[in-house]
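Use the sequences and the hints to build the structure in full.
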Amino acid sequence: MSESNTSQDIASLYRFLAQCMQYPDPEWMNDDFFNVFYNLLGSLGAVTEGKEIRKALEQSSDFIEDLQIEYTRLFINGVPHVVAPPFASVYMDKSIQGSFALRTLNFYRKKGFAMGEEADLPDNLIHELEFLSLLTEEEDYVGEEEFLSTLFRPWYKCFCPRVAEETRHPYYRMVVTLIDFFTKEEEEDGFQLNEA
Amino acid sequence: MQYGMIIDLERCVGCHACTIACKAEWEVPVEFGRNWVKRLGPSKVGNELASTYYPGLCNHCAKPPCVDACPADPAEMTFKDAKSGKTTTLSVAATWKDPFNGTVQIDKSRCIGCGACVESCPYEARYINPAMVDDVSSDGKADKCTYCMPRVEAGLAPACVQTCITNARIFGDLDDPTSEVAKYVKKGAKGLEPKGESIGPNSRYYGKKKDMTLLFQESTPELADMGSVKRRAMMASMVKPAMRKARDLGLLGLAGAMLVKGLSEKKNDE
Amino acid sequence: MAFNLTRRKFLQTASLAAATVPLAKFVSAETGVAKVSLEAQGTMGDTTVVGGLCEMCFWRCQLVGKVRDGQLMKLEGNPKSIDNGTAICARGNAGVKLLYDVDRLKYPLKNVGKRGEPIWKRISWKEALDECGSKLKAVVDQHGPQGICVFPHGASAKYPMHYFERTVGTHNVSEASFFQCRGIRDAAYVNTIGKAPGEFVDMANTKVLFLTGSHLGENIHVSHIKAYINGLQNGAKLIVADPRYSAAAAKSDIWVQIKPGTDTAYLLAIMNYLVTNKKYDKEFVTKHTVGFDKFSAAISEWTLDKAAKECDIPAVQIKEVAELLAANAPNVAIHPGRHVSWYGNDFQRERALACLTGLLGAYYVKGGWVPPKNPKIGKTSWATQEHGDEHNLNVSNNKMVHPFKPPGTPTELIRDCAITSKPYPIKGCVIWGQNPMQTIPNQEKMKQVFNAMDFVMCVDVMPTDVTMWADILLPESSYLERHDEIKVGVGKIKADDKEPTQFIAPRMPLVAPMFERKDQVYITNEIARRMGHEKDIPVQTLEELVNKTLESANITLASVKAEGGIHLQPGKSGYGVPEDFEVLLFNEEIAEAGFPGAPTYTPVEEVPAGYARLLYGRAPVHTFNRSQNNVWLNHEMPDNPVWLNDEVAKKLGVKDGDTVGFINSEGVKSRTTTTVKVTPGIRKDAVYMYHGYGSANPLMTAGVGKGVDDQSLITKIAVDPETGCHGMRNNFVKLQTKDDKTLDFPA
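Protein chains in written order, with our numbering: chain A, 1 to 196; chain B, 1001 to 1270; chain C, 2001 to 2747.
Accuracy of the hints is not assured; some may be wrong.
Said to hold, decoys possible - Keeping only pairs whose Cα atoms sit at most 25 Å apart, straight-line, the calculated BS3-like set for lysine-lysine is: (1) B:K1044 to C:K2237; (2) B:K1044 to C:K2279; (3) C:K2237 to C:K2279; (4) C:K2684 to B:K1210; (5) C:K2137 to B:K1038; (6) C:K2669 to C:K2572.
In short, the hints are calculated from the structure, not lab data.
Now the structure itself:
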């Protein structure tokens, strides 16, 4: 496989992970989406987990609403406090829009990107994944590594276990685990990560 | 010239505005503070009750123990007198006392984050800011009150002074006899000297007699055992470059990986 | 979970069938490389945005924002301010952390679970507003406008409150600032001098400052505290009556360690002493007071000795206080207080303060009570309409239940009606900026009210405890993100100015609202449209509302902004007693209504054996329960240690720093624990703690389990008969140790 194809695939992967973290809406959360999702799990060997998610969705009378409620509880407002806001600053500065958000924004700028009109806060997980996608598209692996190690992993490693432990839906446990998997630097080739 | 700060306890109401303004101005992490307010009493002082506050900050001491404790390699630095424009070059470690304005400052880029200065300060005015990480220190950097020198140089009051709601904090040159701070010293404003020591704290307190008694009774610090601080600092300064080299050669990464691998294999076996 | 590949291997080999979803969130732009320095750069170089008006508390200091890249870095006092100047308090400074609080409400939410045990689902604004409009309309259609009750608080709640009161037409509005705070004071002074007193004491120029249970120095209102400290620095003597050695007591010349609940007896004795010894201001009394004879006869029983016994203080001390006041009259400041809903006998105490001021001739004089001559602005809002008293709960058999109530309907009347549906059903509840769970006594009763509703909606910035009881929860833009409330006042540009200067400071946004937060005019108008009141809508936007309000002062938001966020104009000093000014020492109207016409002391319930009276108060870094989740403020004072008398502590075997919980005389236990502060600075029959702590929510990132919620222990309800306001210091507690042992207070 050529270098540029690989980078395109990785870029797509980041985009797809970002999509998984959007507020659930039948517009995109359809059969096509889940086919890709199960496919991805299958190619990683996570067949059992895929089945578990499929079961949870099939058993529900309105799985979209289930996921909307769970999304609200996890990422927007819980009862009455949110489990894991998807913003870096929350973990690094203990607030929304802390200096970590600014550092993240500055990194985007350093790489020639700015926030779009419709964008949320710069340190929103979705945008960080989109940014990683853009970097890999440009084959800027050094930038990708630097972003992951200095601006992404330091907070994501706090965020991920909170969701994984607190979530009541296997879908979100899988999504954060996937993101964890694809952003974590291997300590050594061939060594089996075993977390979550 | 010696910058100093007066805290007038007759005026202070213990509102903590100084502490929060400083946090905002200098992006101090939530769990630390470059200054603080402690509430003292109500307690008996002699036969009467007293209750007052201990608004503390770096004392920019005449003989700062933190400067002596810094083990970082000395470097030449040129200082400039803001008034006369005169310059002088000194060899200083990563923290020093400015020969012109008397403030104690830190060079973040050279700080190795060993924490010796933090331990040597009897006022606990320093902390290691873990958010400040670079190639020199992955543990963070020493941080503290600068008497807001960047603000003062821009013609502004220190953030804590500007926000003080009762003008209980007064900043200025203690060496200038016409300054308000010097007048307070003449009236009897005193610094919190560590027990039995004389290091010349330049943040000073003024207040009613019973309040001053309570403040000194409850907030007089002790000097750290400099022997052990120095020993730790020496070790840190010797070890740090070696660690850096080890990291440069990728040895640390490898060691870390093996360690993790070992643990994870054990887990898998279970 | 285990994936059977490594990331790298997967990326190298797998043929990835990931969906590529086109997202244009990032737009490429040519920007320079920003240098990231380890050293914080300070806010000196940031953009200054003017027009901020603080609402961390309700004093409303004027602010500027320091903005970097659209992010608010810091708040400072507006240098143009002649009120707070460049100073703001800890809470004001910490506004940044409310703005960016992780737990802040972000999107409209619908409760798809139960009230009290909500399950939230994010919904669109359209769906949320449709739901609010149709549900409230259904209540009005079925039960009439009186079927809606409203619990408002703060600047943003005014516009919707007027809508429900004036346009929809319900009397059932209970504002915390009135019925659980200063309403009694305002009512008492209105019925004594014809005006609400504010805190208009000329402290900076006074010779004696007289405080009764005040939190000056613990309740920080910047310009007020400035005047207080300037007065003391100018040599004013300070008299403080308080069971506790408060922040003010620590600065006092005379500390009167009074028995809780007996303040009125103390005041009556001072006044009786002044009258009997002819030490009152005869000229003022002749010219400006009414009912002196009846008044002096009514209070004549209050000798120094009688009061000394009742108040548990030395008679000589009361005499010393009275003499000091008389010697310095009329330049003495009798402070009306602020939070005064203490014991259910508070209207008479506040009347006594107003009368004492009169006896000393301390109205409209230097160092006395001097109302500011404020600039005039308009009052744009929903048009007032007459709705009659048929459904006014405060009118029963053509008689007023609480004839001297502040605006709105007394809280207990609303709650009892809602729970019993008598005399009529109340089925819709609108909560706007208030947290009745932590402001109104007896949390269980509040829950019963919510459970009796067909529909509950809540608008707030934070997910406070009460929001758990909402069906629809709407996120509001904060005071830093919207136009709003106009602060007016007077001040001096230079300290030695002869005449004061007037200022007008309308609130302007310092940053744009994030997520889907909306302001009160948008939300109220959209609901009004859905309830059929389209034609009554007075303004389309909040900005328009403020501009219309400013019209009569001949200024606009734009012109004020150009002036630096504050409009200044020449003013006049408030000294000089108006010819027609009257102090009703004896008020016939009060007597006719069946209450004492002269200030009268009614004893409160004694502390039962084994208990201590629970006193609560203000922490300088918090505003009520509103700021407990603010990370900066929380770090300053993370919990509320309970003050315990040192001799009592010794007898109980409790040490400073020990962990304790509480049980009250009605058997209610505190949900959490706090630490003990052993001090000689409190009476033996009382304990004291800061109000506004002890959130029980495990997901509250900053405030969870920190300290004790004093409100949860205030279950016994006392109501001030004249005003219908609550008294909240008639509850009694015992300490409980970690191993659940209950400790009896020694006799």
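Hint check results:
For the given pair, B:K1044 sits about 22 Å from C:K2237 by alpha-carbon distance, which is consistent with the 25 Å threshold. For the suggested pair B:K1044 and C:K2279, the alpha carbons sit about 36 Å apart, so the restraint of at most 25 Å is broken. Of the pairs offered as hints, the one joining C:K2237 and C:K2279 holds, with about 19 Å between alpha carbons and a cut-off of 25 Å not exceeded. Between C:K2684 and B:K1210, the direct Cα distance comes to roughly 24 Å. Compliance with the 25 Å bound is thereby established for this hinted pair.
With a C-alpha separation of about 54 Å, the suggested pairing of C:K2137 with B:K1038 is violated against the 25 Å cut-off. Distance restraint check for C:K2669 and C:K2572: the Cα-Cα separation of roughly 54 Å exceeds the 25 Å cut-off, and the hinted pair is therefore not satisfied.
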